[in-house]
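Colleague: For this one, chain A is given, so just place chain B on it according to the hints.
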Amino acid sequence: MDYRLNFDAVWRDFDLLLSGLGLGLGLAVVSIFLGSFIGLIAAFAMISKNKLWRGIAMTYVTAIRNTPILVLIFFTFFALPQFGVRLGKIESFVFTLTFYAGAYLTEVFRGGLLALPTGLREAGLAIGMTEFRTKLSLTIPVMIRNVLPALSNNFISLFKDTSLAAAIAVPELTFYARQINVNTFRVIESWTVASLMYVFACYFIAAGLRHYERKLAIPG
Amino acid sequence: MDFSLFLNEAWIARGAIWDGFQMTVAISALAIILGTVLGVVVGLALVYGWAPVRLFVRIYVDFVRGTPVFVLVLASFYILSIIGIQLSAFQAGVLAITVFCSTHVGEMIRGALAAIHRGQIEAAKAIGLTFRQTFQSVLMPQALRQILPTWVNAATEMVKASTLLSVIGVAELLLSTQQIISRNFLSLEFYFMAGFIYFVIDFSIERFGRYVERKVAYS
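For the record, the sequence lines run as chains A and B. Position one of the first sequence corresponds to residue 1 (our numbering), numbered consecutively onward. Position one of the second sequence corresponds to residue 221 (our numbering), numbered consecutively onward.
Quick caveat, the hints were computed from the structure, so don't treat them as lab data. These figures come from a predicted structure and were not determined experimentally. Wrong hints could be hidden among the right ones.
Claimed, not checked - Quick list of simulated restraints, FRET-style, between CB atoms: (1) A/Ser19 / B/Ser308: 27 to 37 Å; (2) B/Ala343 / A/His211: 32 to 42 Å; (3) B/Asn228 / A/Arg210: 51 to 61 Å; (4) B/Ser301 / A/Leu216: 46 to 56 Å; (5) B/Leu275 / A/Leu125: 53 to 63 Å.
Claimed, not checked - Computed list of chain A residues with no C-beta within reach of chain B, every gap over 12 Å: (6) Leu23; (7) Ile90; (8) Arg133; (9) Leu216.
Positions of the beta carbon are idealized from the N, C-alpha and C atoms, including for glycine.
Next up, chain A with everything else stripped away, as it sits in the complex:
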């Protein structure tokens, strides 16, 4: 074996890797934001008394959680056009990741809603708020502040899942790492740098979110 480490090729394209990392973060942020709405609606459906809503939400969550995300990505990108739904690479990936995130967030929010004391909702109704208003101004904000640590973990795992976008040629970090690998044969260098970038990004995101969790946590 003679393989000499030479990071030149990787540094030359480091801006590409950075832009890929940025795109991955962007994809994760958009997906968790949009996914939160799906998650909230599905979580309320899951704890509702209506059997139909419960059934729909349960089917959605179970189906998504038990299917590999790569299959979902390919399904959206290659199979939906048969229905006439034609999306670009990035839109298609965001669409998939949003629905994927939604299913995981449903579980998080459902747990959060069930953990709330019933007195909270009763207090809202007692001072004359409507059911909807109680949810919007009392239940949801308190619940979200309670589940922040779970949200952070979900965000980090979604960020790591953005690497799969490379499979449909979305130019994010893994895509560029593979491109550098194939073009320059700096195999060890490109993958080491790419994985270190993921590791450090995850580490800093985790540290940052931990900080906000402490700030936003309900005191006492």
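Modeller: Chain B in isolation, oriented as in the chain A frame:
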């Protein structure tokens, strides 16, 4: 969309689908078994290891968990061959998922052992049990109880991660499906079928996990 056309094509492709299914099961089973063996070592090293060993294992776990599995698979496939370790795509892929599995199992074991109250260890010491005895009859039974349901659910993660091997050319279920689609262009039907097969596998494992959870719960 013509359903009889799909059934006909699926019947023609049954061999490929079955081979892909077997490959998926083989990858997942190997990764789970090897990953668990390695994971037990990782977990024990995290709790009882000599400080430098503990630090080294901690770095290993954090590095692997901070990297997407897809990157692990690609890195394992490309890097190992260039440093002179000749592995097939199948072996490189299984290795990557094994490493991924080992960090999960390692963290599970560390968490379970850490959750056991210190007082129990002190009590064991007080009645004169050696470390080995304490581990065998106090710590391990409780840790196993706690780990078992989580471990079964980690198996679903490994089945899902096995799809990533399709990208490095291992003909597991997803790649077989793609090959079938490239011949008959029934992308909607066949991707749906693949998704459904994965769903059935994972859902059964998940149900089994619930069952185990009830079985081992303290009543």
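Colleague: Each hint: holds or not?
Modeller: Do the hints match the structure? See the list:
no., hint, verdict
1, A/Ser19 / B/Ser308: 27 to 37 Å, "34 Å, holds"
2, B/Ala343 / A/His211: 32 to 42 Å, "39 Å, holds"
3, B/Asn228 / A/Arg210: 51 to 61 Å, "56 Å, holds"
4, B/Ser301 / A/Leu216: 46 to 56 Å, "48 Å, holds"
5, B/Leu275 / A/Leu125: 53 to 63 Å, "55 Å, holds"
6, Leu23, "14 Å, holds"
7, Ile90, "17 Å, holds"
8, Arg133, "37 Å, holds"
9, Leu216, "24 Å, holds"
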